[in-house]
Amino acid sequence: MNVLLVDDEVEFVTTLAERLEIRGMTVRTAGDGEAGLAMVADDPPDFMVLDLMMPGIGGLETLKRVKASHPDIPVILLTGRGSTKEGIEGMRLGAFDYMMKPIDIDQLLKKLEEAAELKKD
Amino acid sequence: MLNKLKPAFWDHEDAAAGHYRRLFDFRSLWFQAVALTTFVVLLPLIFITIAEYTVTRKAAEDEILLRTSRFVSNTRRTVAFFLEERRFALEFIVRDNRYDAVSDPERLAVILDNLKRGLGGFSDLGVIDASGRQQTYVGPHNLEGKDYSGQDWFREVMEKGYYISDVFMGYRQTPHLVIAVRHNLPGDRFYVLRASVDLERFKRLLSQLEILGGGSAIIINREGILQTPCDQCGKSALEKVPFSVPEFAPHTRVLEESVAGETLVIGYAYLIDTPFILVAIKDKEALMQPWYHTRRQIIGFLGLSVFFILAVVVGMATYLVNNIYMADRRRVMALHEVEYSNKMASIGRMAAGVAHEINNPLQIIYEKAGLIKDFFTFKPEYKDDPRLLELVGSILTSVERCGAITKRVLSFARHQESALEPVRIKRILGDVLGFVDKEAAYRSITVTLDVDDDIPDFLSDRGKLQQIFLNLTNNAFSFIMEGGALTVKAERKNKRWVAVSFADTGPGIPAKNLERVFEPFFTTRSTKGGTGLGLSITYHLVQELGGKIKAESELGKGSTFIVTLPLDPGKKEA
Ligand SMILES: Nc1ncnc2c1ncn2[C@@H]1O[C@H](COP(=O)(O)OP(=O)(O)OP(=O)(O)O)[C@@H](O)[C@H]1O
Ligand SMILES: [Mg+2]
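Chain order of the listed sequences is A and B.
For the first sequence, position 15 matches number 14 in numbering that gives the first Met the number 0, and the numbering has no gaps at all.
For the second sequence, position 367 matches number 366 in numbering that gives the first Met the number 0, and the numbering has no gaps at all.
This is chain B alone, in the form it adopts within the complex:
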């Protein structure tokens, strides 16, 4: 699977590049291209994403702080107002009524009733004289005559003029608080009006606010004792809060504290002139939820972009480097081909020169010997010496043999330059196979040539055909064992195609090599001087002639190379 995806250049080793190898290290070229492009593209993307991430996170957090802080401020105002309202109500009562009026239990009961109706939250009312004794009391308990003179709150109300207590349980076992105001009478006398305030109203007030706040609002005193129950932290009134009491600040403040693994956003404000601290608790996780959603989107988008960018970068790099690689191979191939054909051409020219020079003297020897033979044939006086006739005969056969060679070399060399001319396939194959006659005889290889009679002469390039056939023959001969056979067949496939096949009884070609034999420099004969160019050049030559070549092989039985040639080279493709 991976091997299939592997581009062609990956395992490339340029056999011909020599010490220029570094120039054509395609793999590192690929790595460089991928690394550089990835770096240049991904860096700004990641940078921007991180920036965006930080900015949105900061914005989300700021938003939470702001909302909490606003919520706390608003709530503080409401709570402070609630307490002040009741204090002012008491102050109004002491101003509006003379001492003997408020100390009259009947009148006081009417006042309490009015308070309950008008403001609500009051549960009792008492008048305490300067000595600390409760003169009059209206309410659910019988507290008349109770002495408060030794108590802290009484001292405080004497000093400050008013007093607001912590929340406590009291006799009724319901949390409530006490508000007291002092009223000066003529002379140095004074009295104190004291009221218990039911916390139901308080709780209702806070829970109304909670709905708006997305968290819970509670009131604690300065020791951290809950004055209202806390649902968020699962505690009821008068228990201690699970977090430390925030330090005093004149204005609303918001801070984060982690409690039992959760991060809480705690907004608080000290209620001036009271023992209370208003606290808003919010779960940070819950508040950040919308932002987490955004974060998921950002990260998802980043991941997706990175994936696509990488895919495109890798794809492009592979494609481009592969193209460069292909171009380079074509270049190397072309260089070698030129070199090869130059070599062939000069060998051809030299051979032709030699053959031509030899041809003339050969012709003379031939004629002279012929003449001598004629003498024996036509003149009776020589007829009787059979030995001489035999000698002349052998000279003639030798010259004929030389002549056959020079003719072949000449016709071969003549056709190095390409030109279309009518060719007779039988003759070309005969010429080519003629070159290996001797070798075939020495190694007892049977060479069979079988050409269909219905193949017409057709326009093609003689030189190229010769070279194609010669390469295939040479290959076959370098693989056929002693006593093997080469069968060359030319068949007319149909109106337009001729197939020439070279079947040998060599060792065959393993399947994995079969698809590579036409590649330049592919050779299994490198130790025996094979260059691996033979078949690749053959392949190109066949293509130039508008034909096709393919290899078939059965391991152990032999190989067959089939060249299919067009009878009419003008018409491309079938």
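Chain A with its partners taken away, still in its complex shape:
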């Protein structure tokens, strides 16, 4: 499985990436929306985990563009503000689901599995 993590908190992304790699995934990370989009264009991942609060174009905008070019990549949103509003807005824009920070790796894995199931069908 090929996962792209997009979050401006480098310490967080790199650690999360390492943990996912331990669990046998291929993980790439990006520090902001533009970098993420570039990677998607370069080599589309199977899944994408996207933080909503980022400098630059921001999470929702990034999501919109990814969905425009690659509608079949499931995107899981991370929100740090406890608001369900942005999460719901994201799901309206085509995100697979949203999670509130701090996230639990097991739950993230569960969401990824669900997304994989859905993708298979």
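Please note that the accuracy of each hint is not assured.
Said to hold, decoys possible - DEER-style ranges, computed between Cβ atoms:
| # | chain 1 | residue 1 | chain 2 | residue 2 | range |
| --- | --- | --- | --- | --- | --- |
| 1 | B | R423 | A | E112 | 20 to 30 Å |
| 2 | A | V9 | B | R423 | 29 to 39 Å |
| 3 | B | L513 | A | K109 | 41 to 51 Å |
| 4 | A | K109 | B | E356 | 23 to 33 Å |
| 5 | A | V9 | B | A326 | 56 to 66 Å |
What the hints assert, rightly or not - Residues from chain A shown here face chain B by an in silico Cβ test under 7 Å; the list is partial:
| # | residue |
| --- | --- |
| 6 | E8 |
| 7 | E10 |
| 8 | T14 |
| 9 | L15 |
| 10 | E17 |
| 11 | I21 |
| 12 | K63 |
| 13 | G79 |
| 14 | R91 |
| 15 | F95 |
| 16 | M99 |
| 17 | P101 |
| 18 | I104 |
Said to hold, decoys possible - Here are a few chain A residues that face chain B, going by a calculated C-beta distance under 7 Å:
| # | residue |
| --- | --- |
| 19 | F11 |
| 20 | R18 |
| 21 | K100 |
No lab work stands behind these hints: they were computed from the structure.
Backbone N, C-alpha and C define an ideal beta-carbon position, used for all residues, glycine too.
Given the coordinates of chain A, assemble chain B with the ligands onto it according to the supplied hints.
Using the frame of chain A, we list chain B with the ligands on its own:
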């Protein structure tokens, strides 16, 4: 009863008005309004009524005077005429007959007979010569030869030419009077013709007049001796009248005199050339009767008007002051609510800021610790040290706990601004009760949450719901004793309503307080920092959501607050 009538502002003490208290002293405001309006309205009314009263009374009295006076004048004329008529008749006789004719008893008897037929009232007739001896007499008694020379009346008739006597009993024991005229003969000689006049005619005359007068007409002489009987004063002729003899006046006069507790209106006139005074006596009370009737009407009308005016004034004042009072309370309430929610909002914003700042480092700690744990799980070389694994485990649980708190604070703070969104009641209740988990554990309070499964997500305001539930939970927690319980239940009542109840095992609320707990500033916890705003704000929030809240309580067992919320907030009222 009186307490029920008492308007709300009466016992008001504004806890929040401070030194502006005087500005909002509703009771004195009420008194001022009532006093001023009553004064302004009643003063002219009473003034006019008194004026009217005096004027009508004066008119009534004047009317009585006028009527009496007119009556007396008319009667005097009649009586004077009666006497004069008889005097003139005698004068006519002496002129028309020569002395030897009138002194002839037969001729005199014919004359008397003619008088009786023509004028009436005469009972005898006598001729007296200049020496005072009765020469001839016709009548019921044998008075021929009687000597009158020494008597007063004889002297008077010699001087004045005529004489009218007082009424006296005489031989016949019936009241009568005497009229005498003098007739001069050639030379210095003269004689006197004297007649007795029966008083029957007189009495009949007066009683006829009485009927018209509404009182009684009597004749007295100048000593106050009744010449005709007086029915009004219960005396017969020749007795003395019970009132003093009125002083001489050339014209008719009317005066008031009180006799034996009654006020009499006395009209009188002196009959010139006679010893008589004509008197009309009327009972003032009886005459004033029509006016008393009017007076009763005036007073009754005044009383009724005053009563209605007072009722309206008091009613209006109460209504208006109460409205001002209500408006003022709403104003104070609104001020406090704004203050309260501002406070809540800024606390919320601050908490959110802090939580957000902590969240990121927390996430990093969490991932790092997670990674360490992964090492132990996935890499065999670390697997053997259980102590380290345990340490990492406890870091992770602590971070999870912190995370739960920041999540809750964030979601709570986020929803201070109002907006309708789909809410899941179970989640909100869970969040709210989460805040008191620790306290519940310390004080061994059992908190039970029981939410029906058939409650759908519905559109509502998350922030408001949280605040409502939090207020109710906080109240319950401040009253539950150690080892008590709080049971929160959410039930679907029907298609359109959800009921959320908070039942505690606290001391309960006395019935007299139960209806007041939602009032702003009502608190029994003022010493422990209660503001009494919690439930009133809760009440308003519930109303804003289109719901209802009520309190039930059994003293000693606990209290239950039930919030009923609409599943569809667009449709108002059930
Ligand atoms: N669960 C309860 N059990 C018993 N009494 C209660 C309960 N809830 C409210 N009350 C009564 O209602 C009063 C008003 O409550 P309210 O929440 O408005 O104010 P408060 O709790 O006294 O003050 P604050 O909310 O500012 O802390 C309380 O003082 C108390 O007498
Ligand atoms: Mg309270």
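Right, here's what the structure says about each hint:
Here the CB-CB span from R423(B) to E112(A) is close to 24 Å, well matched to the stated 20 to 30 Å. Our hint of 29 to 39 Å for V9(A) and R423(B) holds, since their Cβ atoms are close to 35 Å apart. Evaluation of the 41 to 51 Å hint for L513(B) and K109(A) yields a pass: the beta carbon distance comes to about 50 Å. The hint said 23 to 33 Å for the Cβ distance between K109(A) and E356(B), and at roughly 29 Å that hint holds.
With their beta carbons about 60 Å apart, V9(A) and A326(B) fall inside the hinted range of 56 to 66 Å. The restraint placing E8(A) at the interface with chain B holds, with a minimum CB-CB distance near 6 Å, inside the 7 Å limit. Here the hint on E10(A) is kept, as its CB sits about 5 Å from the closest CB of chain B, short of 7 Å. At about 4 Å, the closest approach between the beta carbon of T14(A) and any beta carbon in chain B falls short of 7 Å, and the interface hint on this residue holds.
This hint holds: L15(A) has a C-beta 5 Å from the nearest C-beta of chain B, less than the 7 Å allowed. Restraint check, E17(A) versus chain B: the minimum CB separation of about 6 Å is within 7 Å; hint holds. Residue-level restraint check for I21(A) holds (minimum Cβ-Cβ distance to chain B is 5 Å; threshold 7 Å). A cut of 7 Å between beta carbons decides the hint on K63(A): the least distance to chain B is about 22 Å, and the hint is violated.
The beta carbon of G79(A) is positioned within 7 Å of a beta carbon in chain B (closest approach about 5 Å), and the interface hint is therefore held. For R91(A), the shortest C-beta to C-beta distance to chain B is roughly 13 Å, which exceeds 7 Å, and the interface hint is violated. Violation of the interface hint for F95(A) is found here, the shortest Cβ-Cβ separation to chain B being roughly 19 Å, above the 7 Å cut-off. Among the interface hints, the one on M99(A) holds; its C-beta lies about 6 Å from the nearest C-beta in chain B, closer than the 7 Å criterion.
Satisfaction of the interface hint for P101(A) is found here, the shortest Cβ-Cβ separation to chain B being roughly 4 Å, below the 7 Å cut-off. Taken as an interface hint, I104(A) checks out: its beta carbon lies about 6 Å from the nearest beta carbon of chain B, inside 7 Å. For the restraint placing F11(A) at the interface with chain B, the shortest Cβ-Cβ distance is roughly 5 Å, inside the 7 Å limit, so the hint holds. Annotation: R18(A) was flagged as interfacial toward chain B, and the flag holds, the nearest CB pair being 5 Å apart, inside 7 Å.
Interface hint at K100(A): satisfied, since its Cβ lies 5 Å from the closest Cβ of chain B, which is below the 7 Å cut-off.
Violated hints, in rising order: 12, 14, 15; the structure is consistent with all others.
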